[in-house]
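Visitor: Could you build all of it, start to finish, from the sequences and the hints given here?
One letter stands for each residue in the lines below.
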Amino acid sequence: MSLVSDHPASAATPAGRLVDIFEGGLDAPICLTWELTYACNLACVHCLSSSGRRDPHELTTDECKAVIDEFERMQIFYVNIGGGEPTVRADFWELVDYATEHHVGVKFSTNGSRITTAVARRLADSDYVDVQISLDGATAATNDAVRGAGSYDTALAAMGRLAEAGFVGFKLSVVVTRHNIAQLDALKDLADRFGAQLRLTRLRPSGRGADVWDELHPTAAQQRVLYDWLVVHGEEVLTGDSFFHLAGYGEPLPGLNLCGAGRVVCLVDPVGDVYACPFAIHDQFLAGNVRSPGGFAEVWRNSDLFVELRRPQSAGACGTCGHYDACRGGCMAAKFFTGLPLDGPDPECVLGHGERTLADGGRPTPPKPSLDHSRPPRRSPVALLPARRPDRACNQSPVASFAPDLPAR
Amino acid sequence: MPPTPPAAVTERFDGSRPWALHPQVSLRPESFGALAYHFGTRRLSFLKSRTLLTVVESLAGHPTGHDACRAAGVTASELDSYERALDRLAESGMIRPREGS
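Sequence lines, in order, name chains A and B. Numbering of the first sequence is given in this note's numbering, commencing with residue 3 and proceeding in unit increments. Numbering of the second sequence is given in this note's numbering, commencing with residue 543 and proceeding in unit increments.
One thing to keep in mind: the hints can contain errors.
Said to hold, decoys possible - Here are the simulated distance ranges between beta carbons:
1. A:344 with B:633: 54 to 62 Å
2. B:553 with A:43: 42 to 50 Å
3. A:96 with B:556: 40 to 48 Å
4. A:143 with B:554: 44 to 52 Å
5. A:313 with B:553: 41 to 49 Å
6. B:599 with A:96: 30 to 38 Å
7. A:285 with B:603: 46 to 54 Å
8. B:573 with A:99: 46 to 54 Å
9. A:315 with B:613: 35 to 43 Å
10. B:621 with A:187: 39 to 47 Å
11. B:605 with A:96: 22 to 30 Å
12. A:319 with B:640: 33 to 41 Å
13. B:640 with A:99: 28 to 36 Å
Claimed, not checked - Heads up, incomplete: computed chain A residues facing chain B, CB under 10 Å, no partners named:
14. 20
15. 28
16. 78
17. 129
18. 130
19. 171
To be verified - Output of the computed footprint for chain A on chain B, the stretches with three or more beta carbons under 8 Å from beta carbons of chain A:
20. 556-563
21. 578-589
22. 604-614
Just so you know, these hints were derived from the structure itself, not from any lab. Cβ coordinates follow ideal geometry from the N, Cα and C atoms, glycine included.
Guide: Written out as structure tokens, the structure is:
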């Protein structure tokens, strides 16, 4: 028996498999996503958090520091900071410094617009801060269709500054879509060229992603291409362990092959709301708020939602499928926001069960995100897609979110 | 200092030498053992027994790696599997040899 593992999926302990232990939840998350603001200078069509405008109730600097103190007490090794564009917060660097001084490492996601030469140097000098530059295509045409005009050049300029400053191994973070799946090799070459590491994550129908999922999510044939690519390159790229639904093709992919929502991961949004995962910003997955008595630790350990998620889950319609042990029924958020039952197949189930359910009208009214901080439509940021941004119930309201990641592997 | 790329120089575990936890590694006890996180390489490892956690935590206080194992209660028949585990940790830079003792 091996006593050390980087990959809990296959790792057995005297008490059982690590995945089984993880499904029961840990005292503290392995990894936590923290979105610092809903403000963003871009308006990506698939934004998980429907970001755009700052929410007036976002956590203050002092409140953020108190949250960091709590993360330190819980020995959360590092947080994935996102947004919105987190660097637009005036206190962003103050908070990053505060976190690292308190032994909470930081990995933050950015579109690169504020990675100046000076910032790049400072990041290269830090052991405890990692950067993810978001880019969704190997060409400007592919990327800008999703992330907005000019965003490709902005990201590449930031990568150039990081590389020049000597920052080795920052991340190039790509959401895999129908339009960039043919560019996987080119994206990897691009990352290599800048001394970066490629990180691929799954497109979720969350936030504004719900509006574009039908057009952007990989086709069944493309999923197979992606799986085969990951089997070959899985050890060289990061995935946020987000493709475990593909495990039904055969061998599990490296990483944690289970839904970690509320068990080993969660999301803290800009107003302090704690959700089960970064892809599930909806009242149904809201566990509590860090401002409430007991703070984050209380929500993590005792909230009704998280306690429920840690109980054995029903395999439902997937119970008779021989692949259930591998894919665990897929992604809760992907099911929820496509209107599929949580105890049934993932919409991208590799056996096609999800697709068939959707085709059979299994999607009466997919739930809408509870929150939306999108800026009012002005010019369409997307040429590629019909600007079908219908009136959302709360388009005027402040509030919604983005960003991912699982264990550092 | 930029993050250490995965291909950092590491050594095989030799139990007759003195070892220590890498100063950039944090350990968090868990029911199954512990999580180990290396801030330099940003790698996470899972230690799958509490005894292994004790060994790793106490390496720096013993003249050799084997001494740390014995003191933690690792039996002769278990030593092989613990050496393999420590070798994995040495390979990923979680633990490293220390000078003298």
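Visitor: Which hints, by number, does the structure contradict?
Guide: 1, 8, 11, 12, 20 and 22
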